[in-house]
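Protein chains: 4
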Amino acid sequence: MEFPISNRYFQESSRDAQEAKRQLVLANRILANEGVFDAFGHISIRNPEDPQTFFISRAISPELVTMEDIIALNLRGELAQGNPEFQTFGERAIHCAVYEARPDVMCVCHPHPLELIPFASTDVPLRSIYHQDVTFYDGIPVFTDLTPECGMLINTLELGRALAAQLGSRRGILIRNHGVVVVGESVPRAVYSAITLRDNAKVLLQALAMGSEIHYIGREEAEAGTYQQFCKLGLARSWNYWCVNAKKAYPDIENLEH
Amino acid sequence: MEFPISNRYFQESSRDAQEAKRQLVLANRILANEGVFDAFGHISIRNPEDPQTFFISRAISPELVTMEDIIALNLRGELAQGNPEFQTFGERAIHCAVYEARPDVMCVCHPHPLELIPFASTDVPLRSIYHQDVTFYDGIPVFTDLTPECGMLINTLELGRALAAQLGSRRGILIRNHGVVVVGESVPRAVYSAITLRDNAKVLLQALAMGSEIHYIGREEAEAGTYQQFCKLGLARSWNYWCVNAKKAYPDIENLEH
Amino acid sequence: MEFPISNRYFQESSRDAQEAKRQLVLANRILANEGVFDAFGHISIRNPEDPQTFFISRAISPELVTMEDIIALNLRGELAQGNPEFQTFGERAIHCAVYEARPDVMCVCHPHPLELIPFASTDVPLRSIYHQDVTFYDGIPVFTDLTPECGMLINTLELGRALAAQLGSRRGILIRNHGVVVVGESVPRAVYSAITLRDNAKVLLQALAMGSEIHYIGREEAEAGTYQQFCKLGLARSWNYWCVNAKKAYPDIENLEH
Amino acid sequence: MEFPISNRYFQESSRDAQEAKRQLVLANRILANEGVFDAFGHISIRNPEDPQTFFISRAISPELVTMEDIIALNLRGELAQGNPEFQTFGERAIHCAVYEARPDVMCVCHPHPLELIPFASTDVPLRSIYHQDVTFYDGIPVFTDLTPECGMLINTLELGRALAAQLGSRRGILIRNHGVVVVGESVPRAVYSAITLRDNAKVLLQALAMGSEIHYIGREEAEAGTYQQFCKLGLARSWNYWCVNAKKAYPDIENLEH
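Protein chains in written order, with our numbering: chain U, 1 to 258; chain P, 1 to 258; chain W, 1 to 258; chain Y, 1 to 258.
Rather than coming from a laboratory, the hints here were simulated on the basis of the structure. Accuracy of the hints is not assured; some may be wrong.
[Stated by the list, open to error] Residues from chain U shown here face chain P by an in silico Cβ test under 8 Å; the list is partial:
#1 Gly35
#2 Ala39
#3 Ser121
#4 Asp123
#5 Ser212
The beta carbon of each residue, even a glycine, is placed where N, CA and C say it ideally should be.
Chain U extracted, bound-state conformation (with noise of 0.2 Å):
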């Protein structure tokens, strides 16, 4: 037995679709417990029995979603199963845009933890000086092509493709004073790398305060890095030890599986 907690071994990558809408609920609750989503922003994974669909919450706050919540929709953004009268995001856009440009990915998520706005604000490059951050070795780029009349979302599918152009083939984009899109081969992965940016960048403001020469993580250093965090148990250890924490604080979904 590999974890006292859970009982059964840890399955980075969801095998069915009721495994990834599991790992979607523990997912939104994660991101909510860890302060990484608040009131708002979104998670999704690919629908791993049929890859042109993907599972996510209807409009609510990530921190509410259930197994009830949880909705299908086409790379169209439009509901492929699921109730009808359940509202959508408008950024699904984003889902549906990064999904389509992106078939390695499994997860996209959307969140806006705060300490990542100033660099989202400012021309002061979001680089990894905390060794958990080393997953976004190829840089994260800020897009800033917001329409006037947007209202500050990504809420068309055209937006949606514009910032999955810019993605390319990196872990992340910052959005204009807006957030970041953070994605992963699997829920865990986007899950880990959401997490220590954030932490990436409350350590970096904290540097940049200071007002010294800051000594920055080497692309070849995060590359070798990112496969050790990646590696089973690296990414077992701390996925088992958000989802424990999350169900303390979320008794609803303390026997959910994970």
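Starting from the known structure of chain U, arrange chains P, W and Y on it as the hints suggest.
Chains P, W and Y alone, transformed into the frame defined by chain U:
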């Protein structure tokens, strides 16, 4: 059913005095739970059944306010309804003067989140850097005409009216070395604006410490953003989230409909 | 009935030894719960029945103090009342020396909130920027005459008396690289001053990092503000709030009258 | 009876393997509860019954460690005692190398509190500004010789030994862009040093942002201060406080003697 937590549709504007009082109790608890209020601060709602009066709690800490603590005052600050033995806030003058000057305003909120005080104590403008905080597109002036003997409080109708005059048609005004007054067409809008303004200040303080040029949100962008944030779906999502969390933190209000 | 939580009117000054001890337990818990105390720090109250002695807890962390942990010391720091096996604080010298020098003082509090240390370790004055923190209008000097062998503690009567001499008639004095001593005419006043001083430091650190000119609260304004904050209604409101929250955090004192 | 919480006198140094394991579980939970550990980090204690081995948890998050998760390793990092199916930390190399080089050391702790990272990523020295943090009077160097392929981890005996060599006879060493290693003659001393070092970094970051000259604690003062903080009474007070709070946070260990 739009929200799993509440059994009724989101009703942004109170339709009668009873609904107004209930919204006011929720707003007190929400702002306490979200860290916008501490031992001090107050919020009021115009009485939908008698617009020349408004509901406010007696002079206790916001976190402790119950339905039984609500009184009604007229625009001269005199008791219109409620227990005559209750103490009232010296700063009720703020509420009186704003309701008098602004028929469009249904809610007045006066918190002192610490993050705002640097902007109330320097000439650095509190501009919008974070996309959730878009509702103050008309700017936030600083009221500086405190008199030496006022004890740093807006505790006379004269001071309240001077503040209301400088507020003009805006959504908020800082008070020098003191705090802020935030107004709205409804309780959820004022609560939304108060919370996001605090968040924006937190981000802006960090961005300013970086010493780099800041890209602020433009006025046109902010107006379009306000439309998005104040649409029924957006506002309902955050209001529901804040209510759920306030009810978790304060079980004595868990049966109060929201 | 003035407060729904408490069944009796707010009694600012303890009238007998029993009330004094009860206030002291509450003050320990309040300052722990509000983050002003951590594992260390101590607070005392002059014995209203024998002003040449004062009550203080034995040498345990403030959060853990109960009625059974209170002892009385005389102004030479010797046990006047209580269990002779109890350990006493080495820094009781601070309390002895201040009560000796200041007949007006009924409460001495010595916390080390981290926000104050930058002002205790630089020449930047800790001036009032936030309207709740108005009670230190006479300024807050820094006591720097620590001896190399004192271990950074005020643990002799000689050091205590040097500190009390520099304190003079003021309400507070910082200790270099260490913390602060805050005094008051009553426990609620000293607690109020200690909490708001910490908040003021938090704000001032942020304002200083902005690099812009700061408008401080004037002396006349601060005196008038102190009158407002220390009036019965104002002080009762915050004391009640802090008590309610401390009792929530520490259920073992929930039946202690406040 | 010295402490109301515990039924026995404070025993700083573990006298047998069972006591050592119990201290280790407590230390894991304390450092998690005090925010020094998060999902990652580890702490070990030298086996008092076989000093060529040490106890450490298997590779899970510190917050989750129970008596059942403790294993013993020898100084080559091989399992000496415990479940052979348990995963071990790649970074056990740190513990092996330090115990090998430092017979005086009974406890090795490796956390990554975010506040330390700016000092591990710049040339700004982490000097003592706060009187609780006096135990590092010999200074805290930064280990920078990470190899490109190590993944930012000290995961070979060679790297561990290089780190131990630079540590020398000191109490701590930072690791570039990564975290810190703190050692002590006992678990309570290492825990004390780790917590106060984090607090000191928090204060120093704020002081540095003020841009004014900082008065640091002198070496002689710090040595005298360490004597005070590490005396039985001082250390017992904080250890007891941290244990009580860890047990509140993690009820599963509430019956573990401390």
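If any of the earlier hints don't hold here, list their numbers in rising order. 1 and 5
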